[in-house]
Amino acid sequence: MAAPLLELERLSVVYEPAILAVEDVSFSIWKGEIVALLGANGAGKTSLLRAISNLLRAKRGRLSKGHIIYDGQRVERVPTHRLVETGLVQVLEGRHCFLFLTVEENLLTGALGRRSSRGDAKDDLGRVYEVFPSLKAKAKQPAGLLSGGQQQMLAIGRALMARPNLLLLDEPSMGLAPLLAAEIFETLAKLNRDDGLTILLAEQNAASALHYASRAFVLENGRLASGGPTADLLARDDILSAYLGLVSEKIVETASI
Amino acid sequence: MDWSFLIGVVISGLLAGVMYSLVAIGFVLIYKTSGVLNFAQGSMLLFAALTFVSLHEEGLPFWIAFVLTLAIMVLLGVLIEKIVLRPLINQPPITLFMATLGLSYIIEGGAQFVWGTQVHQLDLGIADVPLPLNSILISQFDIFCAGVAGAIVAVLGVVLQYTRVGLAFRAAAFDQYAALNTGLRLPRIWAITWGVAGFIALVGGLLWGARTGVQFSLSLVVLKSLPVLVVGGFDSIIGAIVGGLLVGLTETLMEVYVGPFIGGGIDQWIAYALALAFLLIKPTGLFGQRSVERV
Ligand SMILES: Nc1ncnc2c1ncn2[C@@H]1O[C@H](COP(=O)(O)OP(=O)(O)OP(=O)(O)O)[C@@H](O)[C@H]1O
Ligand SMILES: [Mg+2]
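Sequence order for the protein chains is A and B. Using numbering that gives the first Met the number 0, you'd call the opening residue of the first sequence number 0 and step up by one each time. Using numbering that gives the first Met the number 0, you'd call the opening residue of the second sequence number 0 and step up by one each time.
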């Protein structure tokens, strides 16, 4: 088997003064996969994604242990903007759009991060508008006027502008109506299928995430509680009810839609 | 009521206000990108004026002295950001403020050490004589200052709105964490901002210096621009401009129409009274948005 695109080796995350948010987490992601990262409030999903994108310092935290290997390179000391340049891009929890900037300007910041040429940025803009047509109609409006769902699309679009190889998404369905969330998951699945975009998806919405992911990992209190192919997880009632707050029939129902 | 006199007072008030705006813009730029209330802005202004005058007095031609001083100011700004503020990243705002307060004394002391303490005259070659416009008298020098400040604001506006650097600045000013995550190079944005603040300090220093003489009290214009920031909002360039104009106007109007009845000296405190009123009514200032969260 080829080398993984991302390897996490025994990661621990600590926030000041001494809050252990993630402890000894290891797993790998291969190119072309959609992997779900599940867990309840405070389980450590966001902290783990921050660790991967080297954003912990900005939140008064740090990687206290472990290695991160992306595309064959150790990257735990590589600054975020370098990671973005090499295609490791994150869509933050809570969207974090630049609300005073127009939709198009928001997207262009993604091109700035990648240091794309003007020509490339223009091409990418066209592509993002194809993926999210509703953004095109609002191109010249401030992002602050968008609905929650459109802001989520904008945040994803901004990340796409950086031409990601590995996209980390932190609860993209948070606060969205089920239909809208489904639309966003479908778009991600399509990007994965058509462009081979590798995706690590942190979600509390376990049903949807499991529906789209090929493998999933479950965090509990910062530790990896279980993980494996989604089919295996879905077959285990103990995991479904203990960690994911799901009853198996419900999953089967959702998964068959 | 003498209308042409009133109009003259209003115009010279607004023109005086432009000078406040100029200093305040230097503040706002830094506050917006890094959340630091840079108390050293006044010392930077003094340092710039003093360096320029001294180089000029050494016999360097105007433009060479100007460019040289500009280079020194940009370097100073970048160094402050790198050496003092970067290591203090993630510290509470009060720590950063204290750091810039300390810095202002170091810069002033340094300027004193290098250039001495005497008062220098600075002649920009624009006579400070009243220019009669119909029957209204307006200082030619005030108009020149307003023109320079206006030009700077216009250029800044265009750069912010239409260039990549400007886009990165606006993004980082709104949400540093998101900017970091998007891959924007915050340190570079900070360095550029401090460089521009250095340039504005130089221009402000020359204009103020030409008016009052280059001396150590020049760094006190920082105290004049605090009320401007309170009125306009700490994080708004438009606010700095409007706040400056309002403060200048209020000062001049009060000085002319109220001052005689209460024995003068009103310009010493009226700006603060205005600022206080704003704090009570609209704490974010006219155009202020929100407090900046620092990465
Ligand atoms: N900046 C911070 N400083 C201190 N502790 C933090 C910080 N951010 C998160 N934590 C703590 O770390 C733990 C993990 O939080 P994290 O945000 O990673 O969980 P999560 O799985 O993303 O939760 P949610 O689903 O609510 O987003 C929690 O106990 C949280 O309180
Ligand atoms: Mg989270």
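It should be emphasised that the hints constitute simulated quantities derived from the structure, not laboratory data. Predicted model, so just to flag it, every value in this text is computed and none were measured. Every residue gets a Cβ at the ideal spot worked out from N, C-alpha and C, and that includes glycine. Do not rely on the hints blindly, as some may be mistaken.
Computed Cβ-Cβ distance ranges for the label pairs, DEER-style [claimed, not checked]: (1) B/Y104 - A/E129: 29 to 39 Å; (2) A/N220 - B/F96: 37 to 47 Å; (3) B/I125 - A/E129: 52 to 62 Å; (4) B/Q111 - A/G174: 49 to 59 Å; (5) A/A138 - B/I82: 24 to 34 Å; (6) A/A1 - B/V157: 46 to 56 Å; (7) A/D237 - B/K281: 30 to 40 Å.
Right, here's what the structure says about each hint:
1. Look at B/Y104 against A/E129: about 58 Å separates their beta carbons, and that is not inside 29 to 39 Å.
2. At about 39 Å, the CB distance of A/N220 to B/F96 agrees with the hint of 37 to 47 Å.
3. Look at B/I125 against A/E129: about 57 Å separates their beta carbons, and that is inside 52 to 62 Å.
4. For the hinted restraint 49 to 59 Å between B/Q111 and A/G174, the CB-CB distance of approximately 57 Å keeps it satisfied.
5. A beta carbon spacing of about 42 Å between A/A138 and B/I82 contradicts the range 24 to 34 Å that was offered as a hint.
6. About 50 Å separates the C-beta atoms of A/A1 and B/V157, a value consistent with the hinted range of 46 to 56 Å.
7. For the pair A/D237 and B/K281, the beta carbons lie near 58 Å from each other, so the given range of 30 to 40 Å is not met.
The structure shown violates the earlier hints numbered 1, 5, 7.
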